[in-house]
Structures are given as structure tokens and as C-alpha cells.
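Sequences and hints are given; from them, build the entire structure.
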Amino acid sequence: MIEDDDGDRGEAPFARSYDFFKHMTGITLISIGGVFALMDNSAAKLDTKSVVVVLAALGMSGVTCLLMTNALVTLEVKPEPHDKMARKVRVGLVMATFFLAVGLGSFVPSFTSALLK
3 MIEDDDGDRG EAPFARSYDF FKHMTGITLI SIGGVFALMD NSAAKLDTKS
53 VVVVLAALGM SGVTCLLMTN ALVTLEVKPE PHDKMARKVR VGLVMATFFL
103 AVGLGSFVPS FTSALLK
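To convert a position in the sequence shown, counted from 1, into the working numbering, add 2.
Note that these hints are calculated values from the structure, not bench results.
Check the hints yourself; a few may be wrong.
Said to hold, decoys possible - When the alpha-carbon atoms are kept at most 30 Å apart in a straight line, the in silico DSSO-like pairs for lysine-lysine are as follows:
| id | residue 1 | residue 2 |
| --- | --- | --- |
| 1 | Lys90 | Lys80 |
| 2 | Lys24 | Lys51 |
| 3 | Lys24 | Lys86 |
| 4 | Lys119 | Lys51 |
| 5 | Lys47 | Lys119 |
| 6 | Lys80 | Lys119 |
| 7 | Lys119 | Lys24 |
None of the values given here were measured: they were computed from a predicted structure.
Encoded structure:
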């Protein structure tokens, strides 16, 4: 959305947030794919409960990003007050980052312990 940044901020007030959520959706999908790829590794047997927690947290991050991207795109069709949308964007930013951190943060120790067994 802002790849061709021409300095005009009037049309898309949340352009950077849109790009953030768009890229976070990709990062989340790649992370989920990485978890599934490493689950197939015969050298490291991951605990099923840990994998479920990791995938749930990463999934929540991805869903949050997808919903926020949709909400920002919908602004073109159904405008909302700037303050209300800014509050939603802030909450979405925190939720997406938190769930990604929880997912990746819980995956690293469980994968490391599975490798060292």
C-alpha cells in the first residue's frame, strides 16, 4: 500500500499499520510452516502439547493480522471515526505481536529441548 510513498497521507491514514499487518500475516504463515516442517524431523520428537500451544498462538497472531488488514481495507467502503479505528489498530498491534512472541518464544525452548534429548 505504501511501497510507492509519495508523501500524500490524506487518503490512507493507517497505511503503515496496513503494511505491518500484511507483513505480519506472512511472517505468521511462514512460522506455522516452519513448525510443521520441523515436526517432521526424525531427530527431534516434539511434545504434542507444546506444538498445539505454539500453533494456537501463531494462529491467533495470523487471525488477528488478517482481521485487522480486513478492517483497514473496509475503511474505504465504510468509514469509521479516526479515534475509534486508532484504538482498534493499537489493540491489534499489541495482540498480533504478543501472540507471535508467545508462539515463537514457546517453540524455541521446546524444539531445543527436543534436539538435546
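Comparing the hints with the structure gives:
Of the pairs offered as hints, the one joining Lys90 and Lys80 holds, with about 15 Å between alpha carbons and a cut-off of 30 Å not exceeded. As the CA atoms of Lys24 and Lys51 are separated by approximately 29 Å, the hinted pair is consistent with the 30 Å bound. Proposed proximity of Lys24 and Lys86 is supported: the alpha carbons are some 21 Å apart, at most 30 Å. For a cut-off of 30 Å, the pair hint linking Lys119 to Lys51 stands: about 17 Å separates their Cα positions.
With a C-alpha separation of about 9 Å, the suggested pair Lys47 and Lys119 falls inside the 30 Å cut-off, and the hint holds. Taking the CA atoms of Lys80 and Lys119, the gap is near 54 Å; set against the 30 Å cutoff, the hint is violated. Only pairs whose Cα atoms come within 30 Å are accepted, and Lys119 paired with Lys24 is rejected, the gap being roughly 37 Å.
Of the numbered hints listed earlier, those contradicted by the structure are 6 and 7.
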